[in-house]
Amino acid sequence: MRKLLSLLVAALILVSLTAAASAEGFKVASINATNTHSWRVVYDTQMREVAEQYKAEGIISEFTELCPNMDQAVEAQMFETCVNEGYDIILLNAVGSSGLDTQVEMALEAGITVLFVDNLYPYEGVTGVQTDQRIWAGNSCRAMCESLGGEGKILMFNGMPGATGSSVRYDVWEEILKDYPGIEVVYNGAHSWSQVESKKLMSEVLATGIEFDAILTEEACVGILEAIEEVKAPYPKFMTSDEEVGYLRMLSRINNDETVIDFYVIENPPGIGATALKLAVRMAAGKEWAEDALEDNVFFYKPSFIVTPDTLAEALEITKDMADTDQVSAYLTEELADAAFK
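Taking our numbering, the leading residue of the sequence shown gets 514, the next gets one more, and so forth.
Just so you know, not all the hints are guaranteed correct.
[To be verified] Result set (SDA-like, lysine to any residue): computed pairs, CA atoms no more than 20 angstroms apart in a straight line:
| id | residue 1 | residue 2 |
| --- | --- | --- |
| 1 | K713 | A740 |
| 2 | K800 | P816 |
| 3 | K833 | I767 |
| 4 | K568 | N768 |
| 5 | K713 | Y748 |
| 6 | K750 | E659 |
| 7 | K568 | D851 |
| 8 | K666 | G571 |
| 9 | K713 | P674 |
| 10 | K750 | P822 |
| 11 | K750 | N768 |
| 12 | K750 | R762 |
| 13 | K691 | E742 |
| 14 | K666 | T640 |
| 15 | K750 | G695 |
| 16 | K713 | K745 |
| 17 | K800 | P822 |
| 18 | K750 | Y700 |
[Said to hold, decoys possible] FRET-style restraints, in silico, Cβ to Cβ:
| id | residue 1 | residue 2 | range |
| --- | --- | --- | --- |
| 19 | S574 | K666 | 16 to 26 angstroms |
| 20 | T772 | N597 | 32 to 42 angstroms |
| 21 | S574 | P822 | 44 to 54 angstroms |
| 22 | K713 | E537 | 46 to 56 angstroms |
| 23 | D851 | R766 | 17 to 27 angstroms |
| 24 | G722 | K691 | 24 to 34 angstroms |
Hints were generated in silico from the structure; no laboratory data involved. Note that CB positions come from ideal geometry on N, CA and C, so glycine has one too.
Using the sequences plus the hints, can you model the full thing?
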């Protein structure tokens with residue numbers, strides 16, 4: 514039955530292909546700013562999964578993955594090449610927030626469907642697809658504040674200042690912390706979502722002797738815990754949030770006999786790229802967004818996979834066959850992708 518439904522969906526999309534698409538299906542390019550850490554690797558892998566499915570069903574004729582390695586000039590060249598080579602869809606997880614206006618304008622004038630994914634490039638009128646970072650950051654921060662009883666000193670580790678998601682998270686944290694005047698931020702750093710960098714920064718914090726009760730961080734928790742364990746420093750009372758499987762396993766080991774570290778993990782799925790691809794082919798096929806699908810021209814994926822001490826055993830069972838560096842991740846089903854359109 515699932516196969517039949519999948520084939521019916523594919524047939525419906527193929528019937529409504531726009532004139533911009535070739536007879537064999539859409540030509541799709543994904544430009545991913547970096548692939549140097551596990552989140553981005555899973556981002557590419559899951560998008561590739563959907564692309565292969567769509568190629569088998571005739572929805573996509575070609576799928577190209579490009580990575581400028583955080584070089585904005587290279588990113589602009591890649592984008593322009595995709596326009597010149599007649600791609601039907603370009604999915605961009607951008608390096609930054611500038612430098613691509615000319616290329617985006619060229620793409621739109623050529624009738625190319627452009628979607629901004631995860632780190633949303635600010636170009637008016639182009640749809641973005643992003644995990645709702647307000648939920649991600651808000652749930653984590655409130656859980657920490659409540660676990661501490663509204664009193665305590667915290668370390669705050671941001672991701673990458675200037676990146677859309679990181680900026681949203683920081684703003685949400687700042688707003689929530691206003692409601693908890695007994696919570697004091699005693700350190701504020703940025704680790705660029707890198708376990709290596711988070712370990713380095715945490716080592717520096719420990720060397721200074723800063724006292725803290727909890728850690729509010731945009732992922733990269735494994736590196737933080739490794740730094741703590743190397744010098745045998747006390748564990749924090751509470752930590753947020755990293756969907757990396759190795760972090761869940763560390764928490765299980767540390768909390769084996771009792772809850773030493775309270776925690777709240779909420780998904781920030783790399784599958785947001787696969788979600789964007791599913792939505793993009795429907796856009797390119799001429800489908801119109803459902804009335805309430807977008808907010809300020811952004812489709813927000815609402816994270817729902819949450820791990821706390823009460824649900825850790827279940828999460829470990831779900832991820833038992835995954836590598837430590839894998840990420841807990843999901844993306845829209847075909848049915849939910851269809852539901853985003855009229």
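Evaluation of the provided hints:
Pair hint K713 plus A740 holds up; C-alpha atoms about 7 angstroms apart against a cutoff of 20 angstroms. Note on K800 and P816: the hinted pairing is violated, with a Cα-Cα distance of about 25 angstroms set against a maximum of 20 angstroms. With a C-alpha separation of about 17 angstroms, the suggested pair K833 and I767 falls inside the 20 angstroms cut-off, and the hint holds. Between K568 and N768 the CA atoms are separated by roughly 45 angstroms; this puts the pair beyond 20 angstroms, and the hint is violated.
Straight-line distance between C-alpha atoms of K713 and Y748 comes to about 17 angstroms, which keeps the hinted pair within the 20 angstroms bound. Straight-line distance between C-alpha atoms of K750 and E659 comes to about 12 angstroms, which keeps the hinted pair within the 20 angstroms bound. About 18 angstroms separates the Cα atoms of K568 and D851, which keeps this hinted pair within 20 angstroms; it holds. With a C-alpha separation of about 56 angstroms, the suggested pairing of K666 with G571 is violated against the 20 angstroms cut-off.
A C-alpha spacing of about 18 angstroms is found between K713 and P674, which places the hinted pair at or below 20 angstroms, so the restraint holds. For the proposed pair K750 and P822, the alpha carbon gap of about 13 angstroms is at most 20 angstroms, so the pair holds. The suggested pairing of K750 with N768 holds, with an alpha-carbon distance near 11 angstroms, which does not exceed 20 angstroms. A C-alpha spacing of about 17 angstroms is found between K750 and R762, which places the hinted pair at or below 20 angstroms, so the restraint holds.
At roughly 32 angstroms between alpha-carbon atoms, K691 and E742 are farther apart than 20 angstroms, so this suggested pair is violated. Proximity of K666 to T640 is assessed by CA-CA distance (about 40 angstroms); at most 20 angstroms being required, the pair is judged violated. Between K750 and G695 the alpha-carbon distance is near 16 angstroms, which keeps this suggested pair within the 20 angstroms criterion. Only pairs whose Cα atoms come within 20 angstroms are accepted, and K713 paired with K745 is accepted, the gap being roughly 15 angstroms.
With a C-alpha separation of about 43 angstroms, the suggested pair K800 and P822 falls outside the 20 angstroms cut-off, and the hint is violated. Our distance criterion of 20 angstroms between C-alpha atoms is met by K750 and Y700, whose separation comes to about 16 angstroms. Checking the proposed 16 to 26 angstroms range against S574 and K666 shows it is violated: the Cβ atoms sit about 56 angstroms from each other. A hinted range of 32 to 42 angstroms for the beta carbons of T772 and N597 is inconsistent with their spacing of about 57 angstroms.
Separation of S574 from P822 is about 48 angstroms and conforms to the stated range, judged on CB atoms against 44 to 54 angstroms. At about 49 angstroms, the CB distance of K713 to E537 agrees with the hint of 46 to 56 angstroms. In this structure the hint that D851 and R766 lie 17 to 27 angstroms apart at CB is violated, the actual value being about 42 angstroms. Distance hint check for G722 and K691: the Cβ-Cβ separation is about 28 angstroms, which falls inside the suggested range of 24 to 34 angstroms.
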